[in-house]
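2 protein chains.
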Amino acid sequence: MEERVNRRWRLAEYPEGLPKETTFRLSVEPVPDPGPGQVLVRALYLSVDPYQRGRMHTRRSYARPMEIGDVIVGGTVGQVEASRHPAFPPGSFVEGLLGWQEYALSDGGDLRRLDLAPELLPASLGVLGMPGLTAYFGLLDVGRPKAGETVVISGAAGAVGTVVGQIAKIQGCRAVGIAGSDDKVDVLVRELGFDAAFNYKTAADVRGALLDACPGGIDIYFDNVGGSITDAAISLINLRARVVICGQISQYNLTKPARGPRNLTAFLTNRAMLQGILVTDWEDRYGEGLNQLAVWLREGRLKSHETVVEGFESAPVAFIGLFHGHNTGKMLVKVAEPRI
Amino acid sequence: MEERVNRRWRLAEYPEGLPKETTFRLSVEPVPDPGPGQVLVRALYLSVDPYQRGRMHTRRSYARPMEIGDVIVGGTVGQVEASRHPAFPPGSFVEGLLGWQEYALSDGGDLRRLDLAPELLPASLGVLGMPGLTAYFGLLDVGRPKAGETVVISGAAGAVGTVVGQIAKIQGCRAVGIAGSDDKVDVLVRELGFDAAFNYKTAADVRGALLDACPGGIDIYFDNVGGSITDAAISLINLRARVVICGQISQYNLTKPARGPRNLTAFLTNRAMLQGILVTDWEDRYGEGLNQLAVWLREGRLKSHETVVEGFESAPVAFIGLFHGHNTGKMLVKVAEPRI
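Going down the list, the sequences are from chains A and B. Taken in order, the first sequence gives residues 8 to 347; the numbers are from this note's numbering. Taken in order, the second sequence gives residues 8 to 347; the numbers are from this note's numbering.
Just so you know, the hints here were simulated from the structure itself, not pulled from any lab data. In this text the structure is predicted, and so the values were computed from the model without any measurement. Certain hints may be false.
[What the hints assert, rightly or not] Chain A side only, calculated, beta carbon under 7 Å to chain B, not exhaustive:
(1) P268
(2) T272
(3) F274
[What the hints assert, rightly or not] Simulated pairs of lysine to any residue, SDA-like, Cα-Cα distance not exceeding 20 Å:
(4) B:K263 with A:G328
(5) A:K263 with B:L243
(6) A:K27 with A:R266
(7) A:K263 with B:R181
(8) A:K263 with B:V315
(9) B:K176 with B:G307
(10) A:K263 with A:E20
(11) B:K310 with B:G200
(12) A:K341 with A:V315
(13) A:K153 with A:Q178
(14) B:K263 with A:L243
(15) A:K263 with B:G307
(16) B:K263 with B:G106
(17) A:K341 with A:G328
(18) B:K263 with A:K263
(19) B:K27 with B:S257
(20) B:K176 with B:K27
(21) A:K263 with B:R214
(22) A:K263 with B:G179
(23) A:K153 with A:R308
(24) B:K176 with B:R305
(25) A:K208 with A:Q178
(26) B:K263 with A:S235
(27) B:K341 with B:G106
(28) B:K263 with A:K341
(29) B:K263 with A:K208
(30) B:K263 with A:R266
(31) A:K263 with B:G24
(32) B:K310 with B:R214
(33) B:K341 with B:V315
(34) A:K263 with B:S235
[Claimed, not checked] Chain B regions said to be covered by chain A (calculated; three or more residues, Cβ under 8 Å):
(35) 86-98
(36) 224-237
Where is the CB? At the ideal position from N, CA and C, for every residue including glycine.
Construct all of the structure, not just a fragment, from the sequences and the given hints.
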């Protein structure tokens with residue numbers, strides 16, 4: 008019989024600036040057995056997300072910080088390996104915040120059963136998971152798009168951004184993406200239907216490129232990035248614009264606070280609104296969001312785009328890659344094949 | 008018979024930086040006669056307001072810029088001197104955007120009839136006018152105060168700020184004011200019932216002073232000032248805080264855009280909201296606001312506080328004084344006594 012071990016990625020040290028491989032430590036432990044009411048889940052896909060950086064320091068953030076030695080907190084899609092919980096029979100697929108480990112025990116309270124074909128499992132960490140829900144509620148509830156408006160998305164080729172632009176199109180808006188490579192720009196415009204997109208790394212002038220893409224100004228700015236890209240976008244907002252602050256990935260690894268042009272006068276003169284969001288604020292409406300996203304996906308109006316990195320051992324490298332723009336769409340780590 | 012002239016303050020030049028006396032030019036003209044349907048209004052009080060600075064350049068703002076030679080745009084309380092309009096008989100009191108001139112013609116469309124005792128006329132440019140309405144809708148509709156919350160107001164001793172703090176108290180909140188002199192701090196705390204206030208010019212450290220006054224953080228920040236005071240306040244906002252951007256007086260006279268610490272991460276981690284406001288967005292609800300403000304005033308729960316400068320010729324000096332903090336409460340220029 009095969010000797011099973013449970014590999015787990017733990018926090019080795021709080022990173023200063025960019026996380027690096029020494030931020031993480033691999034531990035190898037026995038696979039636990041489920042106790043009464045418990046489920047043993049075998050990971051198939053790990054999610055790597057920018058928000059995880061926010062838990063890797065002792066500063067206050069929207070979530071409890073991790074302690075040194077903790078298993079890295081993160082979303083997982085897995086398959087029930089053994090179960091003493093009637094709602095989760097062996098072989099069923101689940102999603103939950105099970106962390107970066109090959110096997111996890113759960114009492115089921117934090118698990119969502121996925122009744123999906125195996126090929127849709129990755130989407131349940133992307134379009135049909137937290138990133139999709141973030142895009143759905145952030146754009147529709149906070150951005151409140153009206154047909155004909157211009158929606159600009161920074162980090163447009165990321166897990167959330169790819170969905171925001173597609174939902175903007177479904178709402179009859181003009182979708183303009185800002186991304187960090189020509190390949191990503193290509194995916195946004197050719198595959199995902201954005202009206203325009205540009206590579207901020209090669210644009211001579213981000214503000215000029217935005218103005219070219221948005222001759223009528225910006226009605227909604229959905230921000231995943233922050234920093235100078237956001238400065239440029241805010242300088243072009245229209246009367247009654249809405250700015251959705253979903254992420255500030257350019258700021259997460261700074262060791263001291265950055266400075267930039269003051270922008271509150273733009274909000275005053277335009278009676279514009281800005282709102283920071285976190286998807287869990289819509290927890291009681293996840294069902295509505297997932298249903299609508301699944302309908303759009305089935306109808307072909309919404310496409311799922313993932314960057315899949317192979318192998319449990321690759322999780323730190325994949326995570327670090329987020330801060331270098333290595334993903335287009337949702338970044339996942341594939342840990343194992345489902346057992347059919 | 009007394010020879011009547013109409014003195015009018017006109018824009019002489021667009022100011023660079025702070026407006027100065029040469030920004031304005033006094034012209035002396037004949038008093039016009041009302042045509043059919045017209046009203047001739049004799050000014051009793053002129054309003055001087057920070058927003059007027061925004062019209063004195065060609066840059067885009069929330070209002071049409073003034074042209075060189077235009078009579079300075081501004082609110083006036085006056086008395087009908089002669090009338091060919093049935094709704095405004097001679098002797099009646101009115102308020103309107105009649106500009107800095109001793110006599111103005113109006114077709115009545117821009118006039119609000121004031122059925123007030125003469126001693127309440129100044130209040131109709133303050134607590135019972137645009138500043139009061141700005142405070143009322145800005146705090147209640149955008150700030151959405153809940154009893155027990157902490158409301159911080161910058162420019163707290165100004166026309167709007169004095170009312171915001173008093174309404175915050177009526178709502179059961181803790182009101183904390185930031186002002187620019189010890190005398191103003193005194194008025195806020197002793198006369199107007201603020202829970203705490205401090206002089207940002209003598210505080211060793213604005214953030215420290217705010218933290219002392221707000222040990223539980225800031226739930227609503229009502230901003231009239233901008234700049235480094237606002238940086239300090241935003242660094243102390245609580246989860247789901249609301250930031251109301253009503254003015255940015257520290258920024259209006261800058262000849263180049265200022266820089267400051269980036270603050271969007273504070274909005275993200277706190278799921279906080281920021282909204283720029285302009286009172287005319289609530290025009291269809293002015294009646295509601297004025298009624299409520301008048302009730303509070305009558306009940307003694309709201310106090311009117313004005314700084315009155317004497318003489319039509321003093322309007323530019325009074326206006327320039329706004330940017331040096333010369334006013335406590337609403338700044339007015341008294342032009343004439345009402346005829347009883």
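Just to be careful, I want the Cα atoms of K263 of chain A and L243 of chain B compared with a cutoff of 20 Å; is the pair within it?
17 Å, holds
Please verify whether K176 of chain B and G307 of chain B have alpha carbons no more than 20 Å apart.
13 Å, holds
Given the hint that K263 of chain B pairs with K341 of chain A, test it: the Cα-Cα distance must not exceed 20 Å.
51 Å, violated
Does S257 of chain B lie within 20 Å of K27 of chain B when you go C-alpha to C-alpha?
It holds: about 16 Å lies between the C-alpha atoms, which stays within 20 Å.
Verify the proposed pairing of K263 of chain A with G307 of chain B, using a straight-line Cα cut of 20 Å.
49 Å, violated
Keeping to a limit of 20 Å between CA atoms, is the pair of K27 of chain A and R266 of chain A held or broken?
25 Å, violated
Sort out whether G24 of chain B lies within 20 Å of K263 of chain A, counting only the CA atoms.
32 Å, violated
If you draw a straight line from the CA of K341 of chain B to the CA of V315 of chain B, is it 20 Å or shorter?
With Cα atoms ~6 Å apart, K341 of chain B and V315 of chain B stay inside 20 Å; holds.
Taking only the CA atoms, is the gap from K310 of chain B to R214 of chain B under or equal to 20 Å?
29 Å, violated
Cut-off 7 Å, beta-carbon criterion: hint that T272 of chain A touches chain B
5 Å, holds
Given pair status - G328 of chain A, K263 of chain B, alpha carbons within 20 Å
38 Å, violated
Could you check if F274 of chain A really has its C-beta closer than 7 Å to a C-beta on chain B?
4 Å, holds
Comparing the model with each numbered hint stated earlier shows that hints 4, 6, 7, 8, 15, 16, 18, 20, 22, 25, 28, 29, 31, 32, 35 do not hold.
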